[in-house]
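Protein sequences, first through last, are from chains R and H.
Just so we're aligned, residue 45 is where the first sequence starts under the working numbering, counting upward by one.
Just so we're aligned, residue 33 is where the second sequence starts under the working numbering, counting upward by one.
Where hints are given, some of them may not hold.
[To be verified] For lysine to aspartate or glutamate, the following EDC-like pairs were computed, each having C-alpha atoms within a straight-line distance of at most 20 Å:
{"id": "1", "chain 1": "R", "residue 1": "237", "chain 2": "H", "residue 2": "191"}
{"id": "2", "chain 1": "R", "residue 1": "225", "chain 2": "H", "residue 2": "184"}
{"id": "3", "chain 1": "H", "residue 1": "71", "chain 2": "H", "residue 2": "60"}
{"id": "4", "chain 1": "R", "residue 1": "225", "chain 2": "R", "residue 2": "201"}
{"id": "5", "chain 1": "R", "residue 1": "237", "chain 2": "H", "residue 2": "102"}
{"id": "6", "chain 1": "H", "residue 1": "71", "chain 2": "R", "residue 2": "54"}
{"id": "7", "chain 1": "R", "residue 1": "134", "chain 2": "H", "residue 2": "102"}
Read the hints as simulated data drawn from the structure, not as lab findings.
What follows is the residue order along each chain.
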Amino acid sequence: MSFINYASREINCKIVYYGPGLCGKTTNLQFIYEKTNPQNKGQLISLATETDRTLFFDFLPLDLGTVRGFRTRFHLYTVPGQVFYDASRKLILKGVDGVIFVADSQEARQDANIESLDNLRINLRENGFDVMAVPYALQFNKRDMPTAMPYELMFRELNIKGEPTFEAVATKGVGVFETLKAVAKQVLHELSKK
Amino acid sequence: MSMMGHSLVVYEEEFERINSILSRLWVDANAKIVFLVDKNGQQIAAKGDLEKVDATSLASLTAGNVAATDGLARLIGEKEFSILFHEGEKDNIHISIVSQRLILVVIFDERSSLGLVRLRVRKSAAELEEVLTLMASKAAQEGQAQPSPFAEITDEDIDALFSE
Chain R
45 MSFINYASRE INCKIVYYGP GLCGKTTNLQ FIYEKTNPQN KGQLISLATE
95 TDRTLFFDFL PLDLGTVRGF RTRFHLYTVP GQVFYDASRK LILKGVDGVI
145 FVADSQEARQ DANIESLDNL RINLRENGFD VMAVPYALQF NKRDMPTAMP
195 YELMFRELNI KGEPTFEAVA TKGVGVFETL KAVAKQVLHE LSKK
Chain H
33 MSMMGHSLVV YEEEFERINS ILSRLWVDAN AKIVFLVDKN GQQIAAKGDL
83 EKVDATSLAS LTAGNVAATD GLARLIGEKE FSILFHEGEK DNIHISIVSQ
133 RLILVVIFDE RSSLGLVRLR VRKSAAELEE VLTLMASKAA QEGQAQPSPF
183 AEITDEDIDA LFSE
């Protein structure tokens, strides 16, 4: 749920990175953090375990500049991908404006991708959203892995509504901003309809 | 404050009222920082020594904290825990829920006390609730009188945002 402040002329939107464990959601955020000018970003907060697995969420506030006289801020969140953190995932989707699903291209992780996508659908619904209506982009991460599945096969199994789909290598930044931009675009267009 | 579609919208007049309530609470409670966040982690207004803290992170973590606690509440059959209190060596954080929708946060040290903060927060929360109710009825009357500031946004506008 975006927050529009007419007094300070600001708009804040919430984007959530979803996907199975170890697919690279946090890596997406880390790359965005590294590549963004200091004045346009806040702290990257990671609530992680001792072994750097996301425990609750990562959070990165991003200032994109001004649209129509309004300062536009995106708050990027990741969910913990591991299956047993479902209660936390549900909480983080609350009030979401746009979702990026990060899929792991490795063949061995395709079942986890599909399971996580189903889980996204359910958790969105429980928060009052329809995956078919929410601003949404799909990212196939880890395209550089030797066991990466063919794009077409992944597209067939994971693309649900013709959403913009990107190939990425998040550790090197490939496709990271493209994915974010695709969903930000939809979020802002959605706001224009209200 | 009103619902515009799924958005939380705040206009000048109510923003000023909220700010003045927070300012009074800040003084009356002898607090270091007072701020108001919505349950999704968006900061609405703040008052106090804000230069020393990362207000955006504070807002987001507060909302995460409340969300997790709400989850705990439901698990044991409670609707919510309306007050949370974190005690530190020097600074303490008092968190309370306003109208089930907003989070009022007070950060204070030994110059104040939990009792005083509780007392003042109760009064301010009631005032904030009043503002919220008033705004909700105002929004219902005015309906969708005000068009979205983004009504005529173009792809070029959006591309410009990412050009750095």
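For which of the previously enumerated hints does the structure constitute a violation, in increasing order of number? The structure conflicts with hints 3, 4, 5, although it agrees with all the remaining ones.
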